[in-house]
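*Asks:* Sequence:
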Amino acid sequence: MLPPPTLTFTIPSIEDDVVIQCRVYHPTCLVPTSISQISGWRKRAAIVAHPYAPLGGSYDDPIVDIVAATILKQGFVVGTFNFRGAGTSKERTSWQSRAEQNDHISFIAFMICYIHHLKPPALPVGFPKPSSPVPSHALPEPHPREPLSPSFNRSVSTNIPAFNVEEGGHPQARLRIAGYSYGALIAAHLPPIISSLISPFQNPLPGSPHAEI
Numbered sequence: 062m063l064p065p066p067t068l069t070f071t072i073p074s075i076e077d078d079v080v081i082q083c084r085v086y087h088p089t090c091l092v093p094t095s096i097s098q099i100s101g102w103r104k105r106a107a108i109v110a111h112p113y114a115p116l117g118g119s120y121d122d123p124i125v126d127i128v129a130a131t132i133l134k135q136g137f138v139v140g141t142f143n144f145r146g147a148g149t150s151k152e153r154t155s156w157q158s159r160a161e162q163n164d165h166i167s168f169i170a171f172m173i174c175y176i177h178h179l180k181p182p183a184l185p186v187g188f189p190k191p192s193s194p195v196p197s198h199a200l201p202e203p204h205p206r207e208p209l210s211p212s213f214n215r216s217v218s219t220n221i222p223a224f225n226v227e228e229g230g231h232p233q234a235r236l237r238i239a240g241y242s243y244g245a246l247i248a249a250h251l252p253p254i255i256s257s258l259i260s261p262f263q264n265p266l267p268g269s270p271h272a273e274i
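Numbering of the sequence shown is given in this note's numbering, commencing with residue 62 and proceeding in unit increments.
Quick caveat, the hints were computed from the structure, so don't treat them as lab data.
Just so you know, these numbers come straight off a predicted model, no measurement behind them.
Where hints are given, some of them may not hold.
Distance ranges between label pairs, derived from CB positions [claimed, not checked]: (1) Pro123 - Pro267: 36 to 44 Å; (2) Thr89 - Asn264: 33 to 41 Å; (3) Pro64 - Tyr175: 24 to 32 Å; (4) Pro252 - Ala272: 15 to 23 Å.
Ideal Cβ positions, reconstructed from N, Cα and C, are used throughout, including at glycine.
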């Protein structure tokens, strides 16, 4: 089972400013409770999308819980969110899923920015550095003057499509896009090039959902 979320918050959807519920979970290497849990973090993150909201799907779905908890144990920061119409996210599920795709893109953009700025906790004085390096400044800043240009390898299983992201010339950063049932369907129909997803967030209009995210 998932532990209590590290962060619980809302973001606006770029579709129509609808409020979307979100949760973020940190692996033990980012919130160690003992010396044995201190290890390097490789800027790995994952998003797990839930099943169809009208049939009861939400980020509290038991399969989402199992998948997210499994990924979390592998050292990934894990994010879950409620599509519109699920939980207390506003509005209703759309007929053509375009709105849900934009809900998803909104959360992807947040997670990209979040893991870029996220730093591991400071090590105790005199404690040796972990064997795996912690590239806290490995990725270029997501700024309009320095656009991100990642390359992609995409592998799709029955219910969990995934995108592995690498930044050329830097240690690997990985964003895994996962989903169960309807969540997998939405993830599979997202644009395949991440630069096309995040470019509107690099120079957003003031007051727009892109700027708020």
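*Asks:* So, for every hint listed, does it hold in this structure?
*Replies:* Now the hints, each set against the structure:
no.	hint	verdict
1	Pro123 - Pro267: 36 to 44 Å	holds (41 Å)
2	Thr89 - Asn264: 33 to 41 Å	holds (37 Å)
3	Pro64 - Tyr175: 24 to 32 Å	violated (18 Å)
4	Pro252 - Ala272: 15 to 23 Å	holds (21 Å)
In summary, the structure is inconsistent with hint 3 from the numbered list given earlier, while agreeing with all the others.
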